[in-house]
Amino acid sequence: MPAKQAAEAVPGSSQEHALTVSALNAAIRDTVEGFLPPVWLAGEVSSFKVHQGGHWYFTLKDVDGSSLDCVIWSSQTAAFPAQPEIGMRVFAFGQLSVWVKTNRVQFKVRKLEDQGEGIWRKAFEKTRAALERDGLLDPARKRAIPRFPRTVGVITSASGAAVHDIVSVIRRRNRAIHVVIIPAAVQGDGAAESLVAALARAARWREADVLIVGRGGGSREDLWCFNDERVARALAASPIPTVSAVGHESDVTIADFVADLRAPTPSAAAELVAPLLDDLARELARLHRSLIQGLERRASDGRKRLARAVTGLVGRGALMIERRRARVERSGDLRQRVARLIQRRRDRVASLSATLNALSPLAVLGRGYAAAFLAAGGPLVSVGQVSVGAALRLVVRDGDLDATVGAVRAQPGREHATVPRSGAPA
Amino acid sequence: MKQATFEQQVTRLEKIAESLERADVPLDEAMKLFEEGIVLLRAAQATLADADGRVKELVERADGALDTVERGGNADD
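Sequence lines, in order, name chains A and B.
Under our numbering, the letters of the first sequence match residues 527 to 952, in that order.
Under our numbering, the letters of the second sequence match residues 8 to 84, in that order.
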């Protein structure tokens with residue numbers, strides 16, 4: 527019969543068609559999964575362990591003690607900021623299922639959120655501590671943002687609100703600045719990797735003077751990639767100074783700690799990096815004035831010094847010339863005077879020698895005179911000096927002789943004439 | 008980097024202006040500094056006067072080379 531045949535065909539309807547345990551368990555699983563769509567579940571984490579293979583097993587329970595086994599497959603754990611802690615109150619989004627092998631009912635968790643801040647706070651602090659340990663949060667690491675960037679790199683979503691804000695603020699403030707967008711995913715799966723890759727690209731490109739890294743406002747999960755440790759380390763490693771610009775003023779991310787400068791919003795970041803063109807023009811004008819004034823002052827110093835030097839030089843020179851001139855003049859005069867003096871001396875010597883010659887007793891003696899000397903030694907100049915018989919010495923031109931006075935005859939009136947010549951032998 | 012950036016130009020200019028303030032700079036040195044300053048100033052002013060800032064996007068070619076391309080339709084002017 528067709529009916530019997532049909533009944534016999536139903537699995538488990540006869541010994542002949544008995545089900546296997548696994549088939550039934552699979553049927554249970556399919557029934558459960560088919561009957562219950564994915565749901566949000568509220569509960570408290572009790573017991574947690576990471577299984578071999580990286581799966582997370584934990585139990586959720588209610589205050590009345592009802593409990594349910596939960597699992598997060600290792601392929602999914604990367605999506606969770608941190609491991610849940612025992613006692614943490616969470617919302618778990620997942621699918622109730624059955625582990626076929628043991629017919630164990632379990633809740634396959636796809637999203638896990640803390641009812642408070644706990645899990646995020648924990649992840650945040652963990653990353654922060656790791657960076658702190660490596661000294662990446664040291665304020666001394668922070669570099670100065672260039673005051674006059676020529677090129678601003680913007681790492682953000684190419685289609686988000688942030689890029690529009692940043693570009694329009696920079697363009698408004700300073701049309702000389704080049705803006706180069708380095709697109710990156712800033713939320714969802716792979717956002718952290720995308721940001722890291724964009725930072726690496728910016729580093730390789732090297733043309734940007736400063737990088738703005740950020741995105742507009744969003745949920746905590748949306749902004750989470752900016753709390754990623756890899757993103758933080760890439761920011762710290764950037765050879766180009768970075769400005770973080772994530773969400774709103776109240777959103778503080780790990781990126782803010784590591785970047786060289788934190789801007790409260792993307793627009794604020796644009797204002798911080800782009801100086802007003804007018805300010806720059808004014809600054810250049812000021813520098814121009816200061817160059818000119820500086821040179822004028824140096825030139826005027828120079829002129830003064832030159833004037834002083836010239837005055838000094840002229841003064842000293844004039845004095846020197848005057849002295850020289852006087853000396854030259856004097857020296858000419860001197861020569862003449864010396865020559866005259868010499869001539870005079872010469873003349874005098876000549877006349878003196880003539881006189882001397884004339885006065886020389888020898889010359890006189892040569893002319894036939896003899897000089898008479900007393901025996902006592904003095905010259906005989908007066909008859910009064912001797913009497914008859916006195917001895918005299920007579921000196922003639924070629925010798926001397928002794929003589930005796932034979933007679934003395936005074937000639938009156940001749941005394942006077944002989945007195946002035948008393949010093950000279952006669 | 009290839010040419011002195013605007014930042015480097017202005018930084019150097021500030022240093023020159025500062026040097027010119029000092030009385031101990033000899034005049035011929037001051038003249039040289041002034042000339043250098045004027046050249047820098049012209050270059051910096053030209054940079055500003057150009058005001059040719061562009062908005063581009065960095066793209067990575069298949070061979071890994073990086074290039075910038077004009078961003079179409081992102082007119083914020």
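Take these hints with a grain of salt, some might be off.
To be verified - If we take Cβ atoms under 10 angstroms as the criterion, some of the chain A residues that face chain B in the derived model are:
hint, residue
1, Leu662
2, Ala684
3, Val706
4, Ile707
5, Arg812
6, Ser816
7, Ile818
What the hints assert, rightly or not - Simulated crosslink set (DSS-like; lysine-lysine; CA at most 27 angstroms straight-line):
hint, chain 1, residue 1, chain 2, residue 2
8, B, Lys63, B, Lys39
9, A, Lys637, A, Lys648
10, A, Lys637, A, Lys627
11, A, Lys575, A, Lys587
12, A, Lys668, A, Lys652
13, A, Lys575, A, Lys634
14, B, Lys39, A, Lys830
15, B, Lys39, A, Lys668
16, B, Lys22, A, Lys830
Since the hints were made in silico from the structure, they are not lab data.
All of these numbers come straight from a predicted model, not from anything done at the bench.
Just so you know, even glycine gets a beta-carbon here, dropped at the ideal spot from N, CA and C.
Against the structure, the hints come out as follows:
With a least beta-carbon distance of about 25 angstroms to chain B, the hint placing A:Leu662 at the interface is violated under the 10 angstroms criterion. Because the smallest distance between the Cβ of A:Ala684 and any Cβ of chain B comes to about 7 angstroms, under 10 angstroms, the interface hint for this residue holds. Using the Cβ-Cβ criterion of 10 angstroms, the hint placing A:Val706 at the interface with chain B is satisfied: the shortest such distance is roughly 5 angstroms. Checking A:Ile707 against chain B: minimum C-beta separation of about 5 angstroms stays under 10 angstroms; hint holds.
Below 10 angstroms, beta-carbon pairs count as interface contacts, and A:Arg812 has one with chain B at about 9 angstroms; its hint therefore holds. Checking A:Ser816 against chain B: minimum C-beta separation of about 4 angstroms stays under 10 angstroms; hint holds. For A:Ile818, the interface hint holds, since its Cβ comes within 10 angstroms of a Cβ in chain B; the closest pair sits about 8 angstroms apart. Taken as a hint, the B:Lys63 and B:Lys39 pair is broken in the structure, with Cα atoms around 40 angstroms apart against an allowance of 27 angstroms.
About 17 angstroms separates the Cα atoms of A:Lys637 and A:Lys648, which keeps this hinted pair within 27 angstroms; it holds. Taken as a hint, the A:Lys637 and A:Lys627 pair is honoured in the structure, with Cα atoms around 25 angstroms apart against an allowance of 27 angstroms. Proposed proximity of A:Lys575 and A:Lys587 is supported: the alpha carbons are some 16 angstroms apart, at most 27 angstroms. Restraint check: the Cα-Cα separation between A:Lys668 and A:Lys652 comes to about 22 angstroms, which is no more than 27 angstroms; the hinted pair holds.
Between A:Lys575 and A:Lys634 the CA atoms are separated by roughly 15 angstroms; this keeps the pair inside 27 angstroms, and the hint holds. Note on B:Lys39 and A:Lys830: the hinted pairing holds, with a Cα-Cα distance of about 20 angstroms set against a maximum of 27 angstroms. With a C-alpha separation of about 36 angstroms, the suggested pairing of B:Lys39 with A:Lys668 is violated against the 27 angstroms cut-off. Annotation: proposed proximity of B:Lys22 to A:Lys830 holds, straight-line Cα distance about 25 angstroms (limit 27 angstroms).
The structure is inconsistent with the numbered hints 1, 8, 15, although it conforms to all the rest.
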